[in-house]
Amino acid sequence: MPDVLNVTRAELFKLVRRPAAWTLLAAAALLSQVFGYLIPYLSFAGDGSGPIEGASKDAILASTLPDQIVASTLGGFPVFAGALALVFGALVLGSEYGWGTVKTVLTQRPGRTAVLAGQAVALAMSVAVGVLVLFVLGAASSTAIALSQGESTAFPSVLDLLGGYGAGVAIMLMWAGLGGALGVVLRGVALPIGLGVVWVLGVENLIAGVASSVLTALRPLRDVMPGINAGSLASAVMPTRPPGLESPPGINSDVADGRALITVACYVVVCLAVALWTYRRRDVA
Amino acid sequence: MTAETVVEVRELTKTYGEVAAVDQVSLSVRRGEVYGFLGPNGAGKTTTLRMLLGLIRPTSGDLMVLGRQPGDAGVLARIGSMIEGPAFYPFLSGRANLQVMARYAGSGSSKIDETLETVDLASRGDDKFSTYSLGMKQRLGVAAALLKDPDLVVLDEPTNGLDPAGMRDMRALIRRLGDSGRTVILSSHMLGEVQQICDRVGVINAGRMVVESTVDELRGDSELVVRATPADVVRSTLDQLAYVQSIRSLDDEVRLRVDERHTGEVTRALVLAGVDVREVRRIDRQLEDVFFEITAKESSHA
Ligand SMILES: Nc1ncnc2c1ncn2[C@@H]1O[C@H](COP(=O)(O)OP(=O)(O)OP(=O)(O)O)[C@@H](O)[C@H]1O
Ligand SMILES: [Mg+2]
Chain R
1 MPDVLNVTRA
11 ELFKLVRRPA
21 AWTLLAAAAL
31 LSQVFGYLIP
41 YLSFAGDGSG
51 PIEGASKDAI
61 LASTLPDQIV
71 ASTLGGFPVF
81 AGALALVFGA
91 LVLGSEYGWG
101 TVKTVLTQRP
111 GRTAVLAGQA
121 VALAMSVAVG
131 VLVLFVLGAA
141 SSTAIALSQG
151 ESTAFPSVLD
161 LLGGYGAGVA
171 IMLMWAGLGG
181 ALGVVLRGVA
191 LPIGLGVVWV
201 LGVENLIAGV
211 ASSVLTALRP
221 LRDVMPGINA
231 GSLASAVMPT
241 RPPGLESPPG
251 INSDVADGRA
261 LITVACYVVV
271 CLAVALWTYR
281 RRDVA
Chain W
1 MTAETVVEVR
11 ELTKTYGEVA
21 AVDQVSLSVR
31 RGEVYGFLGP
41 NGAGKTTTLR
51 MLLGLIRPTS
61 GDLMVLGRQP
71 GDAGVLARIG
81 SMIEGPAFYP
91 FLSGRANLQV
101 MARYAGSGSS
111 KIDETLETVD
121 LASRGDDKFS
131 TYSLGMKQRL
141 GVAAALLKDP
151 DLVVLDEPTN
161 GLDPAGMRDM
171 RALIRRLGDS
181 GRTVILSSHM
191 LGEVQQICDR
201 VGVINAGRMV
211 VESTVDELRG
221 DSELVVRATP
231 ADVVRSTLDQ
241 LAYVQSIRSL
251 DDEVRLRVDE
261 RHTGEVTRAL
271 VLAGVDVREV
281 RRIDRQLEDV
291 FFEITAKESS
301 HA
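These protein sequence lines are chains R and W, in that order. Residues 1 to 285, numbered by my numbering, are exactly what the first sequence covers, in order. Residues 1 to 302, numbered by my numbering, are exactly what the second sequence covers, in order.
Since the hints were made in silico from the structure, they are not lab data. Treat the numbers as computed from the prediction; the structure is a model and nothing was measured. Yeah, the Cβ is synthetic: ideal placement off N, Cα and C, and Gly gets one too. Treat the hints loosely; a few may be bogus.
Derived, one-sided and incomplete: chain R residues facing chain W with beta-carbon distance under 10 angstroms [said to hold, decoys possible]:
id, residue
1, D3
2, N6
3, L106
4, G166
Input sequences plus hints: build the corresponding full structure.
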């Protein structure tokens, strides 16, 4: 146990000094703000020919207010935040192979289980902080918009906020876990990122689309996909949307709430188990 | 195994597919000695050291390090190592890399400055690892190995990439480690290097342990090179000298195995026989010569 803690400390020491980690956080923050607040605000403030069609200006403004913070923040998860988390997981665990530092780390003291556990804890902590940053930025932007438009600055209840935050962390943990497990199994960064992003942004959308329309036989398959379950989990914690506004892309209710949460948790556990199993038994060349 | 044995390896084998990278290797390293692991490229040195550290699993054989199985946390905490070149985080400075390793090992950062000083890297400690030259990376690798104040230091070709002054310093450093009571295992393909700093040597070739002996035994195997003409008179004169253990003729020179104290007598005998002596010189035998002789011995036994 002290070994796990030591590894976590070492990993966090590295992470806060690692430019790539900050770049990913900055990208997530920027995209989250642009899609959650800037574009809706511009469509509201503009002449009505803005990018969001078919919704009233009032609804668009309402979607940027503090009581919609969970929807505004989680809305971006299926489109970009998940992919960024996957990249992050692959970077944290896969880079060690590219630099050859696996052998350096594994000859310090902690055994393999302790090293991987410590890395997983550090990964989870960073993800939790990252999601928190997105929520805090969302809180700031929505409050600013509400104040400038003389609208209500009331936030959702603490319970709803915690639910939204928890779901967000769970979803990001799943993607980071998938990236990390792929990083360990494939012993690198490039291949996991390539495969992962193709999967998240391509294959899964394709399967979801086909299963919902032409080939309903694929539904059981669709309902165990990580992205579908993440989207269902996100929608489970979102407040009712202002009238006339569609759900953000990728947010769905294909899978029942409880089942989505369990599926996401299962992915986290399976990723950990697969990574640990491979990490423990493979020779380190 | 006795309390004095730090590393005990018995019939260790590692095969990759058909190839036996390490084939039935046995060796033992005693407390406080500097043990040289000598062999040409591809001999199996790195593979053996990796097994000592628990990085790879042996195909078969027994292996005890500091009285326990390799890879055990209690054992790893007492070993400082650098295997097959230094590997660190390119975006961190040399010092920060050592801080990371101290955190992994749970050993505290108090020795970092001192260690950087030891490997002569103090002035560049705050530069990024990615900007280091090959030799500086190598020094940082050795620094990381020393950080834990280890009982056992395992260094795979520690002088690789160092300039002549760096090599000399590194050898002196390793010798000091040995003299301060630590056990050191180092691998090398340079016989001269191993002779300078090691107490005992294991010679490995093509995965097999060829010989394990003290350095003095290997040094006793140095040769006297004689360049003189005419060749037939040289040969017949030398053949009559009882204290010459062996003679072999190579191109335009003759190589003798003869004790150092007889060097003068050999020269005198040659001069008295009317031979033109152009050169008499003692050489440390090269690794190839050791192999040449041992394989010759093995085939004559067969
Ligand atoms: N992961 C591996 N897969 C296949 N073969 C391997 C592997 N690792 C080592 N070998 C083989 O095992 C043999 C011994 O390699 P090793 O790296 O131990 O040699 P070495 O004595 O350290 O050589 P050098 O002086 O070049 O460092 C070589 O033939 C090498 O090709
Ligand atoms: Mg080697």
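Quiz item: So which of the earlier hints does this model not fit?
Solution: 4
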